[in-house]
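There are 2 protein chains.
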Amino acid sequence: MPDFKYNGKIYYNPVEFAMDQIGGTWKMPILWRLQKRIFRFSELRKDIPHISDKMLTTQLRELEADGFIHRKVYAVVPPKVEYSITEKGKRAVPIIETIRQYGLDLIAEAGIAL
Amino acid sequence: MPDFKYNGKIYYNPVEFAMDQIGGTWKMPILWRLQKRIFRFSELRKDIPHISDKMLTTQLRELEADGFIHRKVYAVVPPKVEYSITEKGKRAVPIIETIRQYGLDLIAEAGIAL
DNA sequence: GACCAAACTTACCAAAAAGTAAGTATAGAA
DNA sequence: TTCTATACTTACTTTTTGGTAAGTTTGGTC
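Protein sequence lines, in the order shown, are assigned to chains U and W.
Read left to right, the first sequence gives residues 1 to 114 (full-length UniProt numbering).
Read left to right, the second sequence gives residues 1 to 114 (full-length UniProt numbering).
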């Protein structure tokens, strides 16, 4: 597996590429929720603890640009915007579930109380 | 899933915890190699493109501290140090494989030439 | 006596990711 | 006329992560 480029950025391996698309602090929590139903911006903000407006906006925009979610704007005031998962986004869900379960295993193994 | 703490750091969900343990640019490439056989420090450095001495050292130390790998020092000059994977480390391998395969799928989907 | 090897350590720097806080637009409600 | 709601945007700062380059140790070799 040689290096490769995408959108001007160099990647060393497929894992790095995957993590660039769905990694970071907020992308999996967002996809995890949109897998279940459509959310409005403010619903996501309420449902995801600690996330700020700015982080929510930027992560939603990146997920949209990479084709994982769809953004639907209603021309009303105050604004209404709905976010839904795409087919590509749905394919990420089993990966997230795998990592999540592994995380739970590690937590149990480390004896962390929840 | 409430927040929880480990080694003074706060985590919001299991995915974040898992990625803190085996994520970052270098940990999976290292585990990926040690899964196959024992490596000396210099062998890893040669085998993993772009990694620097410093990054290799710090990532190996973190993986050791978290129980994923074992470090065996021979009291010779010049130094000889061997790294091997632990049982805990072996349990990470299927996760890495899953992410890797997903990354390959994304790369194909994006039409990236390798 | 200078040099070499392996596996580091140290000091410093740059880039990326994330966080904080404040501001914006606009229609309708009070 | 002031306030409220929603979905942002902007500016700035902090934290985290990663990178570069040089130095260290020590016994043996040339």
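Calculated directly from the structure, the hints in this document are not laboratory data.
We put the CB at the ideal spot given by N, CA and C, even for glycine.
Check before you lean on any hint, since a few could be wrong.
[Stated by the list, open to error] For lysine-lysine, the following BS3-like pairs were computed, each having C-alpha atoms within a straight-line distance of at most 25 Å: (1) U:36 with U:9; (2) W:54 with U:9; (3) W:80 with W:5; (4) W:72 with W:9; (5) W:72 with W:54; (6) U:80 with U:36; (7) U:46 with U:9; (8) U:46 with W:88; (9) W:72 with W:5; (10) U:80 with U:9; (11) W:80 with W:54; (12) U:54 with W:9; (13) W:90 with U:9; (14) W:5 with U:5; (15) W:72 with W:88; (16) U:46 with W:9; (17) W:36 with W:9; (18) U:88 with U:5.
[As the list claims (entries may be wrong)] Chain U stretches covered by chain W per the calculated footprint, using a threshold of three residues with CB under 8 Å from any CB of chain W: (19) 53-65; (20) 77-89; (21) 96-106.
We went through each hint and held it up to the structure:
no.: 1; hint: U:36 with U:9; in the structure: violated (32 Å)
no.: 2; hint: W:54 with U:9; in the structure: holds (23 Å)
no.: 3; hint: W:80 with W:5; in the structure: violated (36 Å)
no.: 4; hint: W:72 with W:9; in the structure: violated (29 Å)
no.: 5; hint: W:72 with W:54; in the structure: holds (19 Å)
no.: 6; hint: U:80 with U:36; in the structure: holds (19 Å)
no.: 7; hint: U:46 with U:9; in the structure: violated (33 Å)
no.: 8; hint: U:46 with W:88; in the structure: violated (36 Å)
no.: 9; hint: W:72 with W:5; in the structure: violated (30 Å)
no.: 10; hint: U:80 with U:9; in the structure: violated (34 Å)
no.: 11; hint: W:80 with W:54; in the structure: holds (17 Å)
no.: 12; hint: U:54 with W:9; in the structure: holds (23 Å)
no.: 13; hint: W:90 with U:9; in the structure: violated (31 Å)
no.: 14; hint: W:5 with U:5; in the structure: violated (37 Å)
no.: 15; hint: W:72 with W:88; in the structure: holds (17 Å)
no.: 16; hint: U:46 with W:9; in the structure: holds (23 Å)
no.: 17; hint: W:36 with W:9; in the structure: violated (32 Å)
no.: 18; hint: U:88 with U:5; in the structure: holds (21 Å)
no.: 19; hint: 53-65; in the structure: violated (count 0)
no.: 20; hint: 77-89; in the structure: violated (count 1)
no.: 21; hint: 96-106; in the structure: holds (count 10)
In terms of the numbered hints stated before, the structure departs from hints 1, 3, 4, 7, 8, 9, 10, 13, 14, 17, 19 and 20, listed from lowest to highest.
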